[in-house]
Every structure is written in structure tokens, then in C-alpha cells.
Amino acid sequence: MAPPVPNLPKTSSPSQPSGKSEVADLKLQLRQLAGSIAPGSDDSRREIFKKVISFMTVGIDVSAAFSEMVMCSATSDVVLKKMCYLYVCNYARSNPDLALLTINFLQKDCRDDDPMIRGLALRSLCSLRVANLVEYLVSPLTTGLKDSSPYVRMVAAIGVLKLYHISPSTCLDSDFLAMLKALMLNDPDAQVVANCLSSLQEIWSLEAGNLEAVSREREALLSKQVVYYLLNRIKEFNEWAQCLILELASKYIPSDSNEIFDIMNLLEDRLQHANSAVVLATIKVFLYLTMSMTDVHQQVYERIKAPLLTLVSSGSPEQSYAVLSHLHLLVMRAPILFSSDYKHFYCQYSEPVYVQKLKLEMLTAIANESNTYEIVTELCEYVANVDISISRESIRAVGKIALQQYDVNAIVDRLLQFLEMEKDYVTAETLVLVKDLLRKYPQWSHDCIAVVGNISSKNVQEPKGKAALIWMLGEYSNDMLDAPYILESLLENWNEEQAPEVRLHLLTAAMKCFFKRPPEAQKALGVALAAGLADSHQDVHDRALFYYRLLQHDVSVAERVVNPPKQAVSVFTDAQSSEIKDHVFDEFNTLSVLYQKPAYMFTDKEHRGPFELAEELGSLSLGTGSVEHVIPAQSYEASDNDLLLGTSEKEESRGLGNNDSAYSAPGYDTSLISLEDKQVQPESNFLSLAVPTMPSHTSSVLDDLLGLGTPIIPPPPTLKLNPKAVLDPSNFQRKWGQLTTSLTEEFSINPQGAVALKVPQALHRHMQGHSIQCIASGGQPPSLKFFFFAQKEGETSPFFLVECLINTSSAKAQINIKAEDPTLSEPFSTLFRSALLALSPS
Amino acid sequence: MPPLMGIEFLCRVADVLTGYLGGLNEDLIKDNFIIVYELLDEMMDNGFPLTTVPNILREMIAPPNIVSKVLSVVTGKSSNVSNILPDATASPVPWRKSDLKSSSNEVYVDLIEELDAILSREGVLVKCEVYGEVHVNSHLPGLPDLTLSFANPSILNDVRFHPCVRFRPWEGEQILSFVPPDGEFKLASYRVKKLKNIPIYVKPQLSSSSGHCRVSVLVGIRNDPGKVIENITVQFQLPSCVESVDVSSNHGTVNVLADKTCFWSIGRIPKDKSPNLSGNLILEPGLDRLHVFPVFRVGFKIVGVALSGLQINKLEIKNLPARLYKGFRATTKAGEYEVRS
Numbered sequence: 001m002a003p004p005v006p007n008l009p010k011t012s013s014p015s016q017p018s019g020k021s022e023v024a025d026l027k028l029q030l031r032q033l034a035g036s037i038a039p040g041s042d043d044s045r046r047e048i049f050k051k052v053i054s055f056m057t058v059g060i061d062v063s064a065a066f067s068e069m070v071m072c073s074a075t076s077d078v079v080l081k082k083m084c085y086l087y088v089c090n091y092a093r094s095n096p097d098l099a100l101l102t103i104n105f106l107q108k109d110c111r112d113d114d115p116m117i118r119g120l121a122l123r124s125l126c127s128l129r130v131a132n133l134v135e136y137l138v139s140p141l142t143t144g145l146k147d148s149s150p151y152v153r154m155v156a157a158i159g160v161l162k163l164y165h166i167s168p169s170t171c172l173d174s175d176f177l178a179m180l181k182a183l184m185l186n187d188p189d190a191q192v193v194a195n196c197l198s199s200l201q202e203i204w205s206l207e208a209g210n211l212e213a214v215s216r217e218r219e220a221l222l223s224k225q226v227v228y229y230l231l232n233r234i235k236e237f238n239e240w241a242q243c244l245i246l247e248l249a250s251k252y253i254p255s256d257s258n259e260i261f262d263i264m265n266l267l268e269d270r271l272q273h274a275n276s277a278v279v280l281a282t283i284k285v286f287l288y289l290t291m292s293m294t295d296v297h298q299q300v301y302e303r304i305k306a307p308l309l310t311l312v313s314s315g316s317p318e319q320s321y322a323v324l325s326h327l328h329l330l331v332m333r334a335p336i337l338f339s340s341d342y343k344h345f346y347c348q349y350s351e352p353v354y355v356q357k358l359k360l361e362m363l364t365a366i367a368n369e370s371n372t373y374e375i376v377t378e379l380c381e382y383v384a385n386v387d388i389s390i391s392r393e394s395i396r397a398v399g400k401i402a403l404q405q406y407d408v409n410a411i412v413d414r415l416l417q418f419l420e421m422e423k424d425y426v427t428a429e430t431l432v433l434v435k436d437l438l439r440k441y442p443q444w445s446h447d448c449i450a451v452v453g454n455i456s457s458k459n460v461q462e463p464k465g466k467a468a469l470i471w472m473l474g475e476y477s478n479d480m481l482d483a484p485y486i487l488e489s490l491l492e493n494w495n496e497e498q499a500p501e502v503r504l505h506l507l508t509a510a511m512k513c514f515f516k517r518p519p520e521a522q523k524a525l526g527v528a529l530a531a532g533l534a535d536s537h538q539d540v541h542d543r544a545l546f547y548y549r550l551l552q553h554d555v556s557v558a559e560r561v562v563n564p565p566k567q568a569v570s571v572f573t574d575a576q577s578s579e580i581k582d583h584v585f586d587e588f589n590t591l592s593v594l595y596q597k598p599a600y601m602f603t604d605k606e607h608r609g610p611f612e613l614a615e616e617l618g619s620l621s622l623g624t625g626s627v628e629h630v631i632p633a634q635s636y637e638a639s640d641n642d643l644l645l646g647t648s649e650k651e652e653s654r655g656l657g658n659n660d661s662a663y664s665a666p667g668y669d670t671s672l673i674s675l676e677d678k679q680v681q682p683e684s685n686f687l688s689l690a691v692p693t694m695p696s697h698t699s700s701v702l703d704d705l706l707g708l709g710t711p712i713i714p715p716p717p718t719l720k721l722n723p724k725a726v727l728d729p730s731n732f733q734r735k736w737g738q739l740t741t742s743l744t745e746e747f748s749i750n751p752q753g754a755v756a757l758k759v760p761q762a763l764h765r766h767m768q769g770h771s772i773q774c775i776a777s778g779g780q781p782p783s784l785k786f787f788f789f790a791q792k793e794g795e796t797s798p799f800f801l802v803e804c805l806i807n808t809s810s811a812k813a814q815i816n817i818k819a820e821d822p823t824l825s826e827p828f829s830t831l832f833r834s835a836l837l838a839l840s841p842s
Numbered sequence: 001m002p003p004l005m006g007i008e009f010l011c012r013v014a015d016v017l018t019g020y021l022g023g024l025n026e027d028l029i030k031d032n033f034i035i036v037y038e039l040l041d042e043m044m045d046n047g048f049p050l051t052t053v054p055n056i057l058r059e060m061i062a063p064p065n066i067v068s069k070v071l072s073v074v075t076g077k078s079s080n081v082s083n084i085l086p087d088a089t090a091s092p093v094p095w096r097k098s099d100l101k102s103s104s105n106e107v108y109v110d111l112i113e114e115l116d117a118i119l120s121r122e123g124v125l126v127k128c129e130v131y132g133e134v135h136v137n138s139h140l141p142g143l144p145d146l147t148l149s150f151a152n153p154s155i156l157n158d159v160r161f162h163p164c165v166r167f168r169p170w171e172g173e174q175i176l177s178f179v180p181p182d183g184e185f186k187l188a189s190y191r192v193k194k195l196k197n198i199p200i201y202v203k204p205q206l207s208s209s210s211g212h213c214r215v216s217v218l219v220g221i222r223n224d225p226g227k228v229i230e231n232i233t234v235q236f237q238l239p240s241c242v243e244s245v246d247v248s249s250n251h252g253t254v255n256v257l258a259d260k261t262c263f264w265s266i267g268r269i270p271k272d273k274s275p276n277l278s279g280n281l282i283l284e285p286g287l288d289r290l291h292v293f294p295v296f297r298v299g300f301k302i303v304g305v306a307l308s309g310l311q312i313n314k315l316e317i318k319n320l321p322a323r324l325y326k327g328f329r330a331t332t333k334a335g336e337y338e339v340r341s
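First to last, the protein sequences are chains A and B.
The opening residue of the first sequence carries number 1 in the working numbering; numbering runs sequentially from there.
The opening residue of the second sequence carries number 1 in the working numbering; numbering runs sequentially from there.
To be clear, the hints were calculated from the coordinates, so they are not data collected in a lab.
Owing to the predicted nature of the structure, the values given are computational and were not obtained by experimental measurement.
Cβ coordinates follow ideal geometry from the N, Cα and C atoms, glycine included.
Fair warning: there could be bad hints in the mix.
As the list claims (entries may be wrong) - Listed next, with one range per pair, are the computed distances between beta-carbon atoms:
id: 1; chain 1: B; residue 1: K194; chain 2: A; residue 2: N459; range: 30 to 38 Å
id: 2; chain 1: B; residue 1: A151; chain 2: A; residue 2: D413; range: 42 to 50 Å
id: 3; chain 1: A; residue 1: P565; chain 2: B; residue 2: K194; range: 28 to 36 Å
id: 4; chain 1: B; residue 1: V124; chain 2: A; residue 2: D413; range: 14 to 22 Å
id: 5; chain 1: B; residue 1: V256; chain 2: A; residue 2: K523; range: 53 to 61 Å
id: 6; chain 1: A; residue 1: N459; chain 2: B; residue 2: G123; range: 33 to 41 Å
Claimed, not checked - Distance condition first, Cα-Cα at most 35 Å in a straight line; then the derived DSBU-like pairs of lysine-lysine:
id: 7; chain 1: B; residue 1: K127; chain 2: A; residue 2: K423
id: 8; chain 1: A; residue 1: K400; chain 2: B; residue 2: K194
id: 9; chain 1: B; residue 1: K127; chain 2: A; residue 2: K440
id: 10; chain 1: B; residue 1: K186; chain 2: B; residue 2: K196
id: 11; chain 1: B; residue 1: K333; chain 2: A; residue 2: K343
id: 12; chain 1: B; residue 1: K260; chain 2: A; residue 2: K357
id: 13; chain 1: A; residue 1: K464; chain 2: B; residue 2: K314
id: 14; chain 1: A; residue 1: K400; chain 2: A; residue 2: K581
id: 15; chain 1: B; residue 1: K260; chain 2: A; residue 2: K235
id: 16; chain 1: B; residue 1: K260; chain 2: A; residue 2: K423
id: 17; chain 1: A; residue 1: K305; chain 2: A; residue 2: K251
id: 18; chain 1: A; residue 1: K343; chain 2: B; residue 2: K30
id: 19; chain 1: A; residue 1: K305; chain 2: A; residue 2: K423
id: 20; chain 1: A; residue 1: K305; chain 2: B; residue 2: K194
id: 21; chain 1: A; residue 1: K251; chain 2: A; residue 2: K224
id: 22; chain 1: A; residue 1: K305; chain 2: B; residue 2: K260
The following block holds chain A by itself, in its conformation from the complex (with noise of 0.2 Å):
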């Protein structure tokens, strides 16, 4: 929403005000008004306002006025506030210094006695997003959160997720989100529990990898009875919160058929409401609530088939389309169903052709024996059409109907009179499906080819058709009486060729042709074989030397090669495989429908983060071991200082404060008594996890690694590793996308070592002795990937990120390293190795 932040280059052409004189005059203008209470100041300092914000907009960089703004900030005007809170958003991450400033004045809104000028102080304080200032936030937000004005409480749900967005661990130390949990399940104003729901959403699934707990909460949320208490007052909330829980309810698990019914109920009048995102939503969790039940999926499809389609035919062409795609997917899993609704896929020429090539799918995915010719009949209409694109599509529809259906008298027919329409596109399309019938149905070579042999050559120009033609010529030059004469005549103009595609069919065509009528063709073989031999394609020319070969070895063999009686094609592969099809519909009612494929595949891999690995690896045990440790520990080192005590009770203290704040998060407060209430009842496997890791903190690399004497040791690594380097993953993320891979390499590990790694976690434990942190792994033996970080020694060191695959059954792994300093990426890397290798089978 805010203007792009104004970098530009001060412009100076004469159109545009040139901006440095215009802004020096707006400061002193604010100036003046700064203090005036006088009756009218307010409309002459909105006239300014709007002046500066204009300006901002077509990118003027006014961040020089910040100061006056500010001071003519103080004021009852709401509008006026409004500008200069939408100047301070945009300025405050670029200017962080400035934006100090502006806290003063935004904290004192947020005790305003108006309850919108309260929320839109805290909002735009929230959207400063200046790390340092996020201090500021956390009290506002707190009252927030408690106020009396369901406004103010709704913004500050909100303000919760930016502050995670700007500093995670700032928000998860308060205790925000008991807060909004507690909003969520008590607060009497829909649009706070919409609120609250979409920021404890957002923040669990970013956080769920680190924290056990949080993913304990995140399932609590998908428990009966929090999706009920949300489904029952569903009327209250607004359409868009309305999909937010429809999202959620999909993916509730009911426990028996009741319940699935009863949602079902609950739910049916909101596939008739008017926004489509609602009925889609709603369409959603009925496919999928209804999964395992055979038949009530079925009678699902027919019920949502009215809705879909009404969406379909009213609206922009942009949401047809989005429906469509969605309705093609259904339409793809279950053709039957679908198949006497035919005619709501035919295409009406006004529509984008988008729309059109989808219907055209449907169509040819719907034909079956009852309506099959209705929809030829109608898909040879389009063939016609203006839009040659369509035209193609409809040709090659026609062609997999044909190829679907055991009746396709009716169908060559009308292919054949596609030949005679002689239009170049059309003859050539028609070509090439008339090949793959023939492949099929070799039974009806007689009718085709008595047509096809009228075709002129010369009319076919595209690369296809040309070579379907080709095809036929070689392998029906029995019935076609002058075959070999036509391919002369082709093979006279081998030069002109263009495409290595038509000389690979004919020198082939000209080998069939040869065997079946050799003394007509051998002119014609002799002709191409010698052709071939002299064409500067690598491909051509290797075949006609093979051929040339072959035909000296023996011509009996050569006729077996390349003349073999064939069997039918039965089934022509389809280009998408059936678990991509079912992926996407796992994610139904996003946009990998719309692209038709999985999300893993449009996704950057760089954005979906290391913790999306699962994608690819099939299964994926979050970094358990060390991430955990990771971001709370922050928070305790200090506490850790103050108590004194020895490095193991020390480590003892900090697993079990991990432990702790990861299960009191939510609900409790964090404070250090509680911390030792719990040493004494230990209650987790996070201590066992814990403990072994400590000796190898305190000793230092290079003792581990000759106490381990693995067989190879690279001489002692030069670099010193911080051992508590602390990233969080959102960081983490961030700093793989930045930076380039430093160095690549591949080594064998320790075989025993190798073989010990069943789980990933093993790892996890063993690298962190070595001041390696893991933050995500994954995958399943033999084949393991983990993503590793480590900083060198100091407080502002470089970070070291590490992408490692490791092949368990035959010892070997790749590491991939991205380094902050890269000249320091090879010392890292030997002593990455070294520790990799010091990885046995204990």
C-alpha cells in the first residue's frame, strides 16, 4: 500500500517540479503553521500535508520535512493525522533516525481518547519496522491488545505479527501470544478473533520448526473444539474471515461421519454466497472432509457442480478463469461426472482465449460415448475459428478424443475433411494427429491414407506435419502408389530443409520405402544416404552413416532394425503424472491450481527456505536438536552471568530453560523461578539431548578431533568458530538468498560414521560440539540433507551457511558453502570436513 520509497534520483526535468527548492519552501510553510492554534491553520496544514504526501508519491524525496511534519503532528484533525502518519510509514525505514522522533508523538495517540485515532497510532507504530525502535512497541501493544474498543483491539492483533516480522524474538518473549490466543477463544468482536487467528496462524507455521511446543498449540488449533466454536459463529464474521476459517476447517480431521455431516450442514448455505472466494472455500473443505467417503465425494461433486458453474459464467474473465482451472481439476479426477454438462464447456468467441483452451480441455477430458458426438461436432466448429491458436487446440482435441474412444469411425471422417479444408496450420495439425491415430488404430490406414496421399507435399510447411507426412509415406509406401516418387522429389530439396527433425524422417522413411518396394526407392535411398553422410547436423549425419552401415553388414538385419513388424500403441503417455495431479489437488483453492502444478514446483526454492526441504526429501525432521537452543538461549545468557554457576550446571540450566519457555510460551509466565521449579522434576528428552553436547562446548576442536583419530585428519584448522552463534531461520533464509555459493565440494566420511546416521539428529549433536549449528534437516537414510550455520569468533562476525547432503550408504557428502567473508570459506571448510569426519559410530 505505501508508495514505493522514493530512492529515485532527484529528477530535474522541467515538467517536474525539481524538488530541493519546492521542499525547502514546504519546511518553512509547516514551520510557520507548526504552533498555530488560529482558526483555519488546520485547512491551510492540510494543504501542505496533501502537497508533501503528492509528492512523496511520485517519488520526491520530502524525508527533509520530517521534522516539521512531526511538529505540525499535534493536532484533532484526523485526516491530518492520517497523512502524516501514511509520511512517517514511509519514511521511518529509511531514515531510522528520524523515525525516533516520532515515537513520542505516536505513543501519546495511542492513549488518545479517540478509539480510531488510538488504533491508527498503534498501526502505524507498529509499521514503522525499524529494528531498533521495537522496544517502543511492546507496551503500546499490550494495552492494545486489553483495550476497550474493538478497533484498537483488532489493529493490535496485527501489530503482534509485524512486530514478530520486524523482531521474532522481542514478540515471543512477551507473552503476545497467550494474548491473542486468549482474544481469540473470549473476544465478542468477530473481527479481533479473525485477527488474532490470522497473526497466531502466520507466526505458529513460521515458528513451528523450532519450537515443539508451538507446533503442539498449532495442532490445538485444528482441535474440535476450537474449529467448532469458530464454524458456529461463522455468520458473524465478515466474508474475508470467513475464508480464513473455511481454510482452517479444511484441514480438520473429524472424528466419525456425525461430524462430517454436521459441518456439512453447517456449511451448505455457504456455497450460495455471493463472494466466490467464500463458496470456494467452503468447496474445499467439503472435498476434503468427504475424502474417505466414497460416495458422499461423489454426491459432493454434484452438489458443488451448480455453484461452480454459476461462478464460472458470471463475473470479470479473470475469475471465470480461476474458477474454470478449478473446475478443470475436478473435471480431470472425475470425468464421469461431468459428462452431461457438456455444453457450459463450450466456447463462446468473446471469451479470452485462456478460457477457451481450458474448456477445450474439459471437453476432450468429459467425451465418452454419449456425447461424444455432440462435442465433436462442436469442437470441429472451433476449428474454423479466427484465432489460429484455438483452432490448433481444437484440431489436436478432436485427435485425443479420437484416441480415447473405441468409435472413432465418425471422428476420422471429420479429421480427413480437415485435410481438405486446406488451410496450412490446419493440414498440418491434422497431419500429425492422423499419424498418432494410425499408430493406434492400424486398421484404418486404408481410409486415411487414401486421403492423405492427395495432400501436396508442398503444402505442408510446418516441421510437424512435414514429418507426420514423412512417417506415413515411409511406413504405408505399400499402398501408396507413388510413395517412393514423392519422397524423390522431397529429397530433392534437402538442402532447403530446415529442420534436422524432416531429414531424420526422411532418411528414415527413405529406408522403410526401400524394403517394401526396392526397386522403385533405391534411387530415392541412395539419394538421402549420401545427403545424410554430407549434412552438418550431428544428429542426421550419424544416422545415415549408421543406416549406411547397417545396410553393408546385412540388409536382412538392417530390415529388422529399422522395418520391424509393430504392435499398436495402446496407451499414449500422458504428459502429467497422476501424483502431480493429486498434489495439486492437495492444494486446492490456491494458485498451484491455476498453474496446474504443485506449489514445490513454481516456488522459488530460495523462498520456500530450508524448512520446505520436505517437498523434495519425502519427510523432514525439523533441526530438534539445536535450533531450539538456539534463539531462547539469547535471553538467558544474561540471567546464566548472574547465577554463577559452573559451565555444567550452566548447560544444564539452559536446557531446561529452552525446555520451559518452549512449553510456557503460550500460557505462563517465563521467569526464572519457574525455570527451577522444573530442574527438579525434569520432564522432557530435552535435557538428554542436552547434556551429551556439553563437554565438547568446553574442549576445544582440535582435542576432540585426535581423541577421535578417524583415519584421515587435515592439519588443524586455522579459524575459530563462535560455539554460540545465534540465527534465526528467517535470517538464516534471508542470508542463503543473498549470498553466493563460496565453494562446492565432495569428500568421502568415515564409513561407521556414515552408517550410525539413521537419524538426522545424530548429527545435529555431533556438529554442535564442533560449533556447527544445524537449523533444518531432512530426508530419510540413505540419503540425508541438512543445513548448517556457524559465525566466526566474536560478537559481529561473519555467518557461514552450509547446504550438506549426505549419501549414508555410500559414505560420501557435498557441501555447499555460502560465506559472508568468502575469502575465509576455504579455512571453514577444512574444518567443517575435519569435523564431518570426526563423526563415529558411537
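Following the hints, put chain B in place on chain A, whose structure we already have.
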């Protein structure tokens, strides 16, 4: 994010802005950018849609109309933002202000239907469907409770409702029971399929020989809807292989645009003759016959009839003083009405 949520939200933003600015184009947005910022602020936060209901927004941010301008000059109060927050989110009918005062007691119901049809060159109906909307324009005080019933609701194929419509009465008795928002809104939209009667026919004939193509298009009434058919137009795109065109008609005006679109504006069909367009197309040299045939797109409008046959039975209003004005209207327009040749 669900794609339809994005599309639907953008459409809604466009609707709201159009409502506020009286149109939507670059200049209007530039002139009113402050209002646009304010509106966007209320409609979305951090990527989550908040409220997009025009009535609630109007309570928070006053539209820049002449009245408010005059008012601000007279009262000296120059804010277009109300200082009180709408309480609508907490009310059971969020789309309506709770204490609405209206000077005029009136409510209008409009049936607007669009007829989509495809006719083959032989005049056979390939596909015919009506997409209709029920628009209500209400200016009523207090919290009126309206009930709208149709004479023949069974013909409706699928209906979608404005959030104000109660679902149970529709399910049970097929009546629309609702508390309307103030002003004009779309109460419901529906689809009716399997229609047999189309109002007009268009008979194109193209016969080509040796580089020429004779065109003749006849237009006439096929099933008289009982009301006058107005604004009849026929347009078609000439294939790119046509070199030059010479067409004329015995009724209405014919224009051939630069992109080879032929536009024939007929208006009403006269009583004494049937409109006919005829002429000659000269094809590209070397081309003997025409292979690509244009699709004729037909436009028309019939006031006073809903072609689907849907009829409003009655509109009852509770919670209201007796004197009020009710109005009904029906219009049918051509949607995608295509004739192949």
C-alpha cells in the same frame, strides 16, 4: 493465498473506489489520493482484508460529494472522517446502519437478465442460458424486514445471495427474506438453463467463388417477447484474408472499422420489412474460397420482460410505516449472443 480471494478483493476495492469517486481512472485517483489512501487503510492491513462493506466504510470516511463539501463550508467543520467509530461490526446486521433515517420511503426491485446463446449456421440453438441478477435499491428508515417471493422459483438453476439474505426461508419456501442495506445492491444472482425461446434470429449466408464472397444477413423476430426489442446490433469480425469490403443495409447503419470489424446498428425492427445486410467481400489474391467464417455477435435490449420467465410475486415489508413506494422493473439484455456462419 486463495486466488479467488485476491481477485474478489480487488474487484471489491474497485467497486468501493468507484462508489466513492464516481468512476475509476488514473486522474480520479490522483485527484482524490488522500481518500484512496484512507479507504485502502481501512480495507486492508498487513495483507489481510478487513471491511469492504460500502455502508460501514461510508460511516468511517465520508465520500467526497458536493453535499459534504457544502456542509463543510457551512459548518466550518472540514473533516470528511467521522469521529465516531461505526458499531456495525458488532451489530447483527453489519451491512446496515442501525439508526438510519430516510426521507423517502421507497424500494425498487430490478430484474436484470443477460441471455447467452449460441446458434449454429442452420439456426439450431446450440446453447442457451440466462444469467440474471436481482438488484434492490432501498431507501427505508429503521430496520425494515423485506420478503420477496417469486411466482415460479423452481425454474432457477442455482442462486447466490447477498449476505443479508436468510438462508432457511429460501430453503424451505423459496422466498427471499432479508434486511436490506441502504442504497443499491445486488440481492441475488441466478442462472436459468434449458431455454427454448430466443427473441431474434440472425441468418447469415456466405457464398464464395473465385476470390469473391457474397454476404447476406437477415435479421428478424423469432419469438415475440411481447415488448419492443431495442438497440439491436450485429457485429462481426472479417477474416484477415478479406482484402476489401462493400456492404450496405436496407435498415440502420453499417460501419466497417479499421480492424475489419463490421458493425451494423439496427435499432428497432421495422414493421414493414425485415432488415437485411448484403454486400461483397473481395478476398486476397490467390485465395479462391473463404475458409474462416466470422461469428456474428448480436446485441439487444428488451425493457419490461425477463426472458427467463421469472416473475416476482410480491414484496412484503415489515417494521415500517404504511406509506411507502414499491417499484418493480425487468430488463433483458443480450449477453454472449452468437450466431455462427
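Hint-by-hint comparison with the structure:
no.	hint	verdict
1	B:K194 to A:N459: 30 to 38 Å	44 Å, violated
2	B:A151 to A:D413: 42 to 50 Å	49 Å, holds
3	A:P565 to B:K194: 28 to 36 Å	53 Å, violated
4	B:V124 to A:D413: 14 to 22 Å	21 Å, holds
5	B:V256 to A:K523: 53 to 61 Å	56 Å, holds
6	A:N459 to B:G123: 33 to 41 Å	34 Å, holds
7	B:K127 to A:K423	28 Å, holds
8	A:K400 to B:K194	29 Å, holds
9	B:K127 to A:K440	34 Å, holds
10	B:K186 to B:K196	27 Å, holds
11	B:K333 to A:K343	21 Å, holds
12	B:K260 to A:K357	25 Å, holds
13	A:K464 to B:K314	64 Å, violated
14	A:K400 to A:K581	19 Å, holds
15	B:K260 to A:K235	52 Å, violated
16	B:K260 to A:K423	21 Å, holds
17	A:K305 to A:K251	22 Å, holds
18	A:K343 to B:K30	45 Å, violated
19	A:K305 to A:K423	38 Å, violated
20	A:K305 to B:K194	16 Å, holds
21	A:K251 to A:K224	11 Å, holds
22	A:K305 to B:K260	39 Å, violated
Hints 1, 3, 13, 15, 18, 19 and 22 from the list above are not met by this structure, while the remaining hints are.
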